[in-house]
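Assemble the whole structure, with the sequences as input and the hints as a guide.
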Amino acid sequence: MHSIRWDEIEVGQQLEPLIQTAIEKVQLVKYAGASGDFNPIHTDDETARKVGLPGVIAHGMLSMGFLAEHAAGIVGTHGFVSRLKVRFAGMVFPGDVLTCHAKVVAKDEKERTVGLEVRIEREEGKALTVGEASLTYYQTA
Amino acid sequence: MVLDRSVIGSTSESKVIEIEKGAIRTFANAIGDPNPLYTDEEFAKKHGFASLVAPPTFPTTFRVPNPNLQIKAARVLHGEQEYSYVRPIVAGESLRCTSKVVDVYERAGKLGAMTFLVTEIRGEDLDGNLVFTGRSTIIL
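Protein chains in written order, with my numbering: chain A, 1392 to 1532; chain B, 9 to 148.
A portion of the hints provided could be inaccurate.
As the list claims (entries may be wrong) - Cross-link-like lysine-lysine pairs, in silico, DSS-like; alpha carbons within 25 Å at most:
#1 B:29 <-> A:1421
#2 A:1476 <-> A:1421
#3 B:118 <-> A:1441
#4 B:108 <-> A:1476
#5 B:29 <-> B:54
#6 A:1517 <-> A:1501
#7 A:1441 <-> A:1421
#8 A:1517 <-> B:29
#9 B:23 <-> B:54
#10 A:1494 <-> A:1517
#11 A:1494 <-> A:1476
#12 A:1441 <-> A:1476
Calculated directly from the structure, the hints in this document are not laboratory data.
Given below as structure tokens:
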């Protein structure tokens, strides 16, 4: 997606969603290696079932990573993601196709910051990860 | 409770973490994030950075163990996570990181009592300037 400049971003805008490719088990193995989170409930079905899950579940931090991708894509090179806060509300499984949504809820001219409400959904209207982000725009952007 | 409230206030040793280009690329690739700031050093330099930029959730890779905190739980769930930045983290720098237990509390849940553990991590450059903070809530 195209990044959005300071003069283009407005409170109330519902930004173009970011649709992720379907989660694959191999992605969870890659994420475990890259992040250092080797909890086997993300990579081993047998362990996951032993703790009462239907099978492996995705790392919550992978979903937060998707929202970070979306927020950073919005600000592009005009600034940076200065804050991201999320709550993990529902589990994500292999095969899930996730969509990242963001809505502009604040714009502070003095601080050059934009506040976003962000969420991840599998089915419309049912958020699995919800939170908020702040984008700090550079003075020249 | 699976964790005693006496751990509140306990801190880790501070640990200096080197931010490596390879680790950033591997992390961005695992997420599938195509942002060139994370993988294309020339692009990052063209936009004013000394080297590759780290994605916002990159500090999840920082392991800063707290010896006072021993978790013995079969199942650990991640409840909430927050990161705040003074500026982005850039490859080639070193950050001094410290983590601290800020709260432990219990709530009744569907499957019985749940223990919430809240920890904070702070990362400073080697001159002592704050770069980022993180706040994590896990459920035991």
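Q) Of the hints given before, which are not true for this structure? A) Those not satisfied are hints 6, 8, 9, 12.
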